[in-house]
Amino acid sequence: MSYTHKIISILKEAETQDTRLDIDETITIIKALKNVTESKKLIEKTILLLFLVEKKTEKIELLSHRESQIFSLIGLGFSSKEISSLLGISKETVSTHRKNIIKKLKLQGSGKLQKTAIQYTQNKLS
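Those letters in the sequence shown? Residues 6 to 131, per my numbering, in order.
No wet-lab data here; the hints were simulated from the structure. This one's a predicted model, so the numbers in the text were calculated from it and none came from an experiment. Among the hints, erroneous ones may be present.
Unchecked claim - Below 16 angstroms or equal to it, Euclidean Cα-Cα: the simulated EDC-like pairs (lysine to aspartate or glutamate) are:
| id | residue 1 | residue 2 |
| --- | --- | --- |
| 1 | K86 | E66 |
| 2 | K108 | E43 |
| 3 | K109 | E72 |
| 4 | K108 | E72 |
| 5 | K111 | E66 |
| 6 | K111 | E72 |
What the hints assert, rightly or not - Label pairs and their in silico Cβ distance ranges:
| id | residue 1 | residue 2 | range |
| --- | --- | --- | --- |
| 7 | Q127 | L92 | 19 to 25 angstroms |
| 8 | K86 | E43 | 18 to 24 angstroms |
| 9 | A37 | E97 | 20 to 26 angstroms |
| 10 | K117 | R71 | 18 to 24 angstroms |
| 11 | N105 | L81 | 16 to 22 angstroms |
| 12 | K86 | T33 | 18 to 24 angstroms |
Using N, Cα and C, we set each Cβ at its ideal position, and we do this for glycine too.
Please build the complete structure, drawing on both the sequences and the hints.
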């Protein structure tokens with residue numbers, strides 16, 4: 006596997022697992038990339054991906070305590086009805102929290118919410 010493919014693999018893994026890369030890892034990736042390519046587009050795209058991974062993690066941290074609970078329960082596969090029963094709140098309140106989570110995380114609908122919640126929850130459990 007080439008260095009470029011290894012770097013792309015690391016970035017994709019970090020993005021799908023919502024892993025926060027520290028500054029040393031980020032610098033190592035950029036230095037390694039500069040050693041294998043002079044393509045400014047590829048270097049710029051890698052830097053953009055690094056910041057997107059960081060921003061996704063930061064967005065999840067913006068959720069309120071209740072939104073985080075609901076987000077985790079969605080990630081575990083619970084329906085809105087089940088979540089309302091578990092938390093002792095109305096289904097409408099769960100729906101409102103879901104809408105707020107979608108807005109805060111800048112997701113495109115409830116399907117993307119569920120997919121993101123599942124990925125995030127699986128990462129936290131592993």
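Hints, one by one, checked against the model:
Distance hint between K86 and E66 is unfulfilled; the C-alpha atoms sit about 25 angstroms from each other, more than 16 angstroms. At most 16 angstroms may separate the alpha-carbon atoms for a hinted pair to count; K108 and E43 exceed this at roughly 38 angstroms. Proposed proximity of K109 and E72 is supported: the alpha carbons are some 10 angstroms apart, at most 16 angstroms. The straight-line distance between the Cα atoms of K108 and E72 is roughly 12 angstroms, inside the 16 angstroms bound, and the hint therefore holds.
Between K111 and E66, the direct Cα distance comes to roughly 13 angstroms. Compliance with the 16 angstroms bound is thereby established for this hinted pair. Using a Cα cut-off of 16 angstroms, the hinted pair K111 and E72 holds, with the two alpha carbons roughly 14 angstroms apart. In this structure the supplied range 19 to 25 angstroms holds for Q127 paired with L92, their Cβ-Cβ distance being about 21 angstroms. Taking 18 to 24 angstroms as the suggested C-beta distance range, the pair K86 and E43 does not conform, at roughly 56 angstroms.
Taking the beta carbon of each, A37 and E97 are about 51 angstroms apart, not inside 20 to 26 angstroms as hinted. The supplied range of 18 to 24 angstroms is met by K117 and R71, whose beta-carbon atoms lie about 20 angstroms from each other. One distance hint, 16 to 22 angstroms for the beta-carbon pair N105 and L81, holds here, with the actual separation near 19 angstroms. Between K86 and T33 the beta carbon distance is about 47 angstroms. The supplied range of 18 to 24 angstroms is therefore violated.
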